[in-house]
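Number of protein chains: 2
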Amino acid sequence: MELWFEESTPEGWGLKVRLERTLESVQSQFQRIDLYQTSGMGKLLVIDGKVQLCELDEFTYHEMLAHVPLLCHPAPRRVMVVGGGDGGTVREVLAHPSVERAVLVEIDPEVVRVCREHLPTVSGRLSDPRVEIVAADAAEYMRTARDFDAIVVDSSDPVGPSEVLFSGEFYSDLRQALTPQGVMAMQSGSPFFYLDQIVGAVRGLKEQFRHVRPLIVPVPTYPSGTWSLVAASLGEDLGLGVEELVRRYRERGLRTRWYSPQMHLASLALPPFLEQAL
Amino acid sequence: MELWFEESTPEGWGLKVRLERTLESVQSQFQRIDLYQTSGMGKLLVIDGKVQLCELDEFTYHEMLAHVPLLCHPAPRRVMVVGGGDGGTVREVLAHPSVERAVLVEIDPEVVRVCREHLPTVSGRLSDPRVEIVAADAAEYMRTARDFDAIVVDSSDPVGPSEVLFSGEFYSDLRQALTPQGVMAMQSGSPFFYLDQIVGAVRGLKEQFRHVRPLIVPVPTYPSGTWSLVAASLGEDLGLGVEELVRRYRERGLRTRWYSPQMHLASLALPPFLEQAL
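Listed in order, the protein sequences are those of chains A and B. Going by the numbering used here, the first sequence opens with residue 8, and the numbers climb by one from there. Going by the numbering used here, the second sequence opens with residue 8, and the numbers climb by one from there.
Just so you know, not all the hints are guaranteed correct.
Remember, identical chains collapse to one label, so a pair may be satisfied in a single copy or spanning two.
[Said to hold, decoys possible] The calculated SDA-like cross-link candidates involving lysine to any residue, where the alpha carbons are at most 25 Å apart (straight line), are:
| # | residue 1 | residue 2 |
| --- | --- | --- |
| 1 | Lys23 | Glu62 |
| 2 | Lys23 | Asp55 |
| 3 | Lys213 | Leu261 |
| 4 | Lys57 | Glu124 |
| 5 | Lys213 | Leu275 |
| 6 | Lys57 | Gln188 |
| 7 | Lys23 | Ala143 |
| 8 | Lys57 | Pro17 |
| 9 | Lys23 | Ser46 |
| 10 | Lys57 | Gly21 |
| 11 | Lys23 | Glu13 |
| 12 | Lys23 | Gly49 |
| 13 | Lys213 | Glu9 |
| 14 | Lys213 | Gly49 |
| 15 | Lys57 | Arg217 |
| 16 | Lys23 | Arg153 |
| 17 | Lys213 | Gly21 |
Simulated from the structure, these hints should not be mistaken for laboratory data.
Based on the provided sequences and hints, a complete structural model is requested.
Written out as structure tokens, the structure is:
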């Protein structure tokens, strides 16, 4: 008998992943957390029935979410990661040598524990001495946070507890928490299924930021297989020249599988149907 | 009770699409053809259990497959489409006003019949007087074909009848069938699952063509949700300057939802893991 994980959208698109076995299944104070060993795609983290990451493809999402904003800052020192208790975004953030402090604000310590135990390829850098893990509600934490050079919002979708992370009030608090050259990025759903979500995020961020750019990244295990992020900056343009991006990429000694300065700029190109919606 | 179409890969990634009903299910001389009405994604064409197209997302694939090569030819007049009996690629080819003749070489007339009957949004332009439909084996047809300005290979995957369309001999015949400024494009599988297929196509085409470029396009209903194409040209560079592409795009009066001159160039950017494999 074969065991498959299944997730589907209201539009009737569904994902299946063949499993070998369940590594952990726990109900935390906040949500249901399942960690599976798949049969051909590495390990799979699922929260409340929705794929959070799969070892096969997590690099596309984490690399773009962290490196697009961080490379548009000349020398990010203090970085906040909202959500992302799996540690994948923190791993990419720490690859920038200028980073002195990475504060992970994750409401659910159980996510961190499960990923530390079972997902070392993703969570391994959480033990870096530069990392501080804060178990707090990110919306509350953001109200009084200050002096961050970059904030990366690696949240779940805007339903339930994460809904507030897609509000105008949160965007305003986030901007207040940034330094004058500050940058940010957030996930904003599938361009094929959740166009409204991208449009909403871009509009909300434009009220706070000088530069706001949506970008597209493939994630085979997210609904529709293609995801969008929105990046915003108070200082530098997000479509920085390719020469400067290449210089910074090399100077920082980054090693990536999906991100490159060319992919950074390519991901900012938008298909006409999305441009029109914006 | 809900009815779902399901397709999965050997790696254990699977796609599900919720169905309303079966519109047609027929065994032709060559293959099994199923046409479904989905509940939220339009109609779905399946051949031998594999998704060929879905109305939700067919535009990304058909637009890139046709417009990337055709816009790298100054004035394509005679165009061949290999496979693609659904008519989606022909629809995009005919949008170029210089096209005088579009020859569709589809081995299975049943695919054409089913799509004409049930998929007018895709097959509608097959009745254009410039279209000639040839029911033939494309590998055989290619051996004596001559004087095509562009050839678009819209084949199924390289297993069974389509395997020969991914061979060195076919690439050589294809080049012989092209005019001196000739261009071509073909599909080459998922970069996440079938890296060998892209590498093989690029190597094979490089023996015949001056310019060979793989490109990436999201297709939510294909395995992994992201697909690759390879384009090749005997004349112009496939990464033509953006100004020239914009000029041609406007001059030809194209209207597209995924393709744009900027998306054309963006799709040529390759992630490091794919660059290294090449």
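* To do: Would you list, in rising numerical order, the hints stated earlier that this structure does not obey?
  => Those not satisfied are hints 3, 6, 7, 13, 14, 15, 16, 17.
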